[in-house]
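As they're listed, the protein sequences go chains A and B.
Position 309 (the first sequence) corresponds to 382 in my numbering; numbering is contiguous.
Position 295 (the second sequence) corresponds to 397 in my numbering; numbering is contiguous.
Hints may contain errors.
[Said to hold, decoys possible] Under 10 Å between C-beta atoms, here's a sample of chain B residues computed to sit facing chain A:
| no. | residue |
| --- | --- |
| 1 | Tyr151 |
| 2 | Gly154 |
| 3 | Arg157 |
| 4 | Val160 |
| 5 | Pro163 |
| 6 | Leu209 |
| 7 | Ser342 |
| 8 | Gly343 |
| 9 | Pro347 |
| 10 | Met354 |
| 11 | Gly376 |
| 12 | Asp402 |
| 13 | Met403 |
| 14 | Tyr404 |
| 15 | Gly413 |
| 16 | Tyr415 |
[As the list claims (entries may be wrong)] Estimated spans, in silico, between C-beta atoms of each pair:
| no. | chain 1 | residue 1 | chain 2 | residue 2 | range |
| --- | --- | --- | --- | --- | --- |
| 17 | B | Asp502 | A | Ser288 | 40 to 50 Å |
| 18 | B | Val141 | A | Arg154 | 32 to 42 Å |
| 19 | B | Leu437 | A | Thr142 | 42 to 52 Å |
| 20 | A | Phe378 | B | Lys235 | 24 to 34 Å |
| 21 | B | Gly445 | A | Glu206 | 24 to 34 Å |
| 22 | B | Ala455 | A | Arg403 | 23 to 33 Å |
| 23 | B | Leu437 | A | Tyr84 | 30 to 40 Å |
| 24 | B | Lys370 | A | Arg154 | 43 to 53 Å |
| 25 | B | Pro220 | A | Val325 | 33 to 43 Å |
| 26 | B | Pro255 | A | Ser288 | 26 to 36 Å |
| 27 | B | Lys370 | A | Ser289 | 19 to 29 Å |
| 28 | B | Lys370 | A | Gly176 | 31 to 41 Å |
[Said to hold, decoys possible] Some residues of chain A that are not near chain B, with every Cβ distance over 12 Å (derived):
| no. | residue |
| --- | --- |
| 29 | Pro83 |
| 30 | Ala95 |
| 31 | Glu105 |
| 32 | Arg111 |
| 33 | Thr197 |
| 34 | Ser289 |
| 35 | Arg331 |
| 36 | Glu363 |
None of these hints come from the bench; they were simulated from the model.
Nothing here was measured: the structure is a model prediction, and the numbers come from that model.
Each residue gets a CB set at the ideal place from its N, CA and C atoms; glycine is no exception.
Okay, here's what each chain looks like letter by letter:
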Amino acid sequence: MLLLFDPEPPYLRWCAFAEGAARASRCLFGAEWFRLVRKGAGNLGRVKAVGYLLRHGGDRIKEPVLRVTPQTLDEVEDTIRFLPEFNDITCKVLDRWTKELPGIPHFLFCDTAFFSGLPDVAGTYAVPEELRETGVRRYGSYGLVHQWAWEKARSLFGGNVGKMVSVYLGDHTNIAALRDGKSLDTTIGFTPVEGIPSRTGCGDIDATVVFELHSSGVSFREINEVLSWESGFKALLGRRCGYRDLLGGPAVDRTAARDILIYDVVKYIGAFTALLGGLDTLAFITRHPEESLGLIREICARFDFLGVRLSPDGLAAEGDAWNLTDHGARMNVSLFKSDIWKIMAQLSESMIEEKQP
Amino acid sequence: MNILIFNCGSSSLTFKVFAVDQLENIRVILSGKAHRVGVKGSKPSSIEYEHGASRESVETPLDDHGQAAGLVLDKLGELGIKFDCIGHRWVHAAGYFQTAWVDAALLLRLKALVPILPVHHPAILRVIYACRKALPKLPQYVTADGAFHSTIPACASTYLLPKGLVKKYGFRKHGFHGLSYRYVVRKIAEILGMPLPGSRIVACHLGTGGSSAVAVKSGESVDTSMGYTALSGLVMSTRSGDIDPILTLYLMAVYGYHPDDLMNMLNKKSGLLGISGFSSDIRDIIQRVGEDPQAKLAFDMYVYRLKKYIGSYVAVLGGLDVLVFTDDIGVHNWLVRERVCAGMDWCGVRLDAEANQRASGDEIARLDAPDSQVRVLIVPTEEELVIGWEGIALMKGKQDAASLRS
Chain A
74 MLLLFDPEPP
84 YLRWCAFAEG
94 AARASRCLFG
104 AEWFRLVRKG
114 AGNLGRVKAV
124 GYLLRHGGDR
134 IKEPVLRVTP
144 QTLDEVEDTI
154 RFLPEFNDIT
164 CKVLDRWTKE
174 LPGIPHFLFC
184 DTAFFSGLPD
194 VAGTYAVPEE
204 LRETGVRRYG
214 SYGLVHQWAW
224 EKARSLFGGN
234 VGKMVSVYLG
244 DHTNIAALRD
254 GKSLDTTIGF
264 TPVEGIPSRT
274 GCGDIDATVV
284 FELHSSGVSF
294 REINEVLSWE
304 SGFKALLGRR
314 CGYRDLLGGP
324 AVDRTAARDI
334 LIYDVVKYIG
344 AFTALLGGLD
354 TLAFITRHPE
364 ESLGLIREIC
374 ARFDFLGVRL
384 SPDGLAAEGD
394 AWNLTDHGAR
404 MNVSLFKSDI
414 WKIMAQLSES
424 MIEEKQP
Chain B
103 MNILIFNCGS
113 SSLTFKVFAV
123 DQLENIRVIL
133 SGKAHRVGVK
143 GSKPSSIEYE
153 HGASRESVET
163 PLDDHGQAAG
173 LVLDKLGELG
183 IKFDCIGHRW
193 VHAAGYFQTA
203 WVDAALLLRL
213 KALVPILPVH
223 HPAILRVIYA
233 CRKALPKLPQ
243 YVTADGAFHS
253 TIPACASTYL
263 LPKGLVKKYG
273 FRKHGFHGLS
283 YRYVVRKIAE
293 ILGMPLPGSR
303 IVACHLGTGG
313 SSAVAVKSGE
323 SVDTSMGYTA
333 LSGLVMSTRS
343 GDIDPILTLY
353 LMAVYGYHPD
363 DLMNMLNKKS
373 GLLGISGFSS
383 DIRDIIQRVG
393 EDPQAKLAFD
403 MYVYRLKKYI
413 GSYVAVLGGL
423 DVLVFTDDIG
433 VHNWLVRERV
443 CAGMDWCGVR
453 LDAEANQRAS
463 GDEIARLDAP
473 DSQVRVLIVP
483 TEEELVIGWE
493 GIALMKGKQD
503 AASLRS
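Next up, chain B with everything else stripped away, as it sits in the complex (with noise of 0.2 Å):
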């Protein structure tokens, strides 16, 4: 059995063909990515593919989503690549599904979820759509991203508003990167041999978009740094995280500030490029960290609210066994893990300065000293595989309905 899975960024769409054998093992058979979708710039459009021991990539317009979608189904069937089913990741389901076939009810639900997050959904949906105008028979199903923090406890999701509001609107603590997390928590027990029941794991996804933090407990989701949108928690690239709910009214308020602009600068214009005013890349800000006062301050809060959440997860699991950092920042970026890994003694973290430094980034690796009470672990995420995972259990479902009607 095959299965393609297409992964939506705001401005990438990630694919991956995999072969599934008998036993459920995994295999590769093609990856790409298309870059710089709908985006209108200086740099053209590009699908990169990478097939066996071949790799191409091809320039050209993508105008949407749907359209760089319905280029790689081209290219598959050029290949000859044939596959049972197509998943999706689907960023924020409100609680709704985990993992659910995508029928015409399906749709009216995804459909009403595209104000949640009216940049990402979309873009989902273009991409459903061209699949199913070039393969109207092949089935097709969606994971949400979320799912994984259905866990948390009321105590941690909870917002104290009014009932009504909350019934509404569904404000609550939701959540993301729950697919990279569900990942990264598997990998763990895997090759440290650690049974999850009881196990307290601090994991840190940090993108080069969106980053979170989140703590599980016995494999478990119990608490997380998203919030109801990406908006909260940590400071990212260009989102604000954390900030005053009061503070926008008197932006509104008292200096005018429209709504829509004002969320656009605490999604688009805050975080690392709000505070340094130059970049949103890390890199950029570290390389200057030392000349520039705003880039320092932009660097350290990035850490510091990152050790504020681990240490607020360290507690409400009450004590730690694994701290582990994944996503582009997570795995790339030794300083970021130094700094925050420093002074973390009063909960059993040490860090192998060298070791820390060594890692290349590109797989699994151990960071702790000898004598740390926490193994601290890089582990590059893999969402594409997790929703594979969702797709097998889906067609199983399937095939068992099928072999019980004949």
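Just chain A, with the same shape it has in the complex (with noise of 0.2 Å):
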């Protein structure tokens, strides 16, 4: 059995995977949290590998997977102030988790890694030299599932995957540009607020905001706040804010967010097929593949004019990758359902296979 741990600040998601399956569960990240994920885990001489997603990996971090030595609770702990709610969380799972399972591996997930080789132009902001020695760049993130979406396009389509924009479609959706496996650029900025809008983050805004609220007395505390947790999706729709809140029903301000979601999605995916030169493969990913036809059908129609065409026919129940291409159409337009677990396991079993070092 495998033990992993997503931060979702407030709540620890987690999850037990044996046989290929996931018993997931979440808990609120409070002082009872330990408590309830060993009550939950079961026969805890079981678990054979402990994973740890890291949402920032900061400017240190760089592997996709790394086995957790004596010195990776330091890195972690270095990576908090680039996104704190987060990072915090998974450092203090991975502390209190090392310390109860001694005896085998521990893996950290980290989800910027992917990102981490940007080309300067992508990776880069504006701003003077004395600023971006702070660490101040484009780390992305979701990096995990974009390179496993890389992967499952490479097979659906025999390796005629070329200029692919990847597309994840969640509680935060994001988009990267791919070529020859490589991220070229991805919406995702030095934390997870830039780029679409998700659940609770505001998305692109002009940072004029921050000082304008600053200036009128609101607390570096409350804007981090106000924009992290307070704005996106939440702001218009209330609590009911999630991914599949957007997907159901005609009510006015979640059609509102729905047209928001499209078009801000369909912008990334014209500014990436620019850098990329054009477009050989466009990718969908999400965790509700069959709730989301819809809304790629939409998105899809808008690039009628690159020869994106769609088959009419649903998804055919079984598996994990479609491929939603119509007949003779000369782009690629593929579905995977991804399941951040399964992707987290696969890697840890992978791992437990190479040798120890």
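Each chain sits in its own coordinate frame; assemble them with the hints.
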């Protein structure tokens, strides 16, 4: 059995992964978290490895998976300043479980690693060197999923992936431009707040907003709270503001939210097509493929002018990868059902198989 | 009818007198520009005038825009040039007006808009007051630069921030360079004989100070790169363009940067200057691209960001009919255009390399190759003329009202 953790402030998502299946659950990351996970995990003697997702690897952690060593905790602690709410959870969970189960391998999964090789034109902010030296650059996130999608696209299209735009649709929709398996650009910036609005994050806005709020007496902490946790689709929809809430029914606000999501996805696909100099493969990734199909059709309809044509068929029930391309259309379109637990489990297994250094 | 137009830059003041005949044909009687207004430096301030065949440049201290405007009015008096009204470019109207006569109520409104652009707006107000002082009876009006962007749909203009804050502060995408875009779009339709309904245009206003891009559908703005202020969007000469808002918090909270200093750095020391470390002028940077990696990065980022915006607007418009470049860098820098248009086959853009290099930049030119599906143009912009058009419409309204009363 594998024990896997994914921070989702104010919650900790975790799962007991055994025989290809994830038993996932979630608890509030409060005083009781460890007791709750321990109770839910069952017989700890069966755990052969523990994995932790780190949403932001900062400027030092650049490996998608690494074996936790005595230095790792310090390295993770050093990344907290980049994304405090998330990384603090990962740090504490890692600290607690490496102590609890010292005899087995522990793996750290870094979600920004895939983007650590972004070309400078995409990774650099146009600010003075003095500011860039503090570690200010585009880090992206959701790298594990995008890298996985590229592999899936390769097997689905027999290696002919070419210039690919990879669209993750979810509570935190984000997009990456890929070529030859390498990332060239992504919507998420220094933090996951930049890019497409998320469930509670504002997405792209004029940074002057921060200064204006501050000069009228709002503290840095409160501004962070507003932009990261009170904005995005929550600002429009209130509590029911997740990705799946956007997909259902015709309520006015929901339509407005859906319009914004579609608009921003279309914009970024266009931007990334321009930097790639064209597009061969458009890949959609989501945890909810069946429910997302309508949205994907709407997005793709906007790219009719590029030759994007979808097959009218629904999804075959089986599997986690579908080719949506219509007969004779020149642009590959695919849909993948992602499961972060499976991705982490696969990577863990391959790490376990590797010989210990 | 004659109209005097003032257009304030941050350290310059452009002015023009238009003569408008019965058929609303517009002719420039006099034009000029005050340079280095309020700038303390080694070079002296000056005002240049172009009047018929005569050109002159007068060196004179210029403490502020109001004083410069006063000197221009004196000069017009000396030359015996009369005018019926004065039009001003107003930068950021926050959606309150497109063009409006200046009266007591409007002045209050304008003053309330000062904090949004603390450099430009007070300068414009000084010019308005200088005109009132010299010619108290003469009607004045302001035309808002951003009004062209009032057609941007909610899905593109909304900042997804808490509704209370949006209401209180008016946070949303406003956009700028609207006068320039209005002019350029109207010119394109004229030159190409292209009906605007259904047309898809991307225009790039690339200035020596600010730069932006716009997506125009059926002649109306549907999205633009600048936002709540002129800070966001493209990499500019000294402005950063798009950045993660959280990185400002990181710099202030973790590294202790003072908000005023950081704001100043993002507006005045970033962009091309921030990356290259030595110049905000793209011509200087291009010269050193070969030997200086930072210069190369600055140039590459400038092009890259613009290219991304063009791509995003092509997607928003569902294809492209016309790509147009305007303002100083847009019309004069062939290398920027060449690099931006490279690899844009996917949306039908093919540049005629020779025509592109040959274009003088002083007049409208077609730069697309014969097999290009998209027409590529340079159009030197003419913001004052748009203010003039607005003035003609206003004056007409006034005359109509007068004739109704009589």
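Hints the structure fails to honour
1, 2, 3, 4, 5, 6, 20, 23, 24, 28, 33, 34, 35
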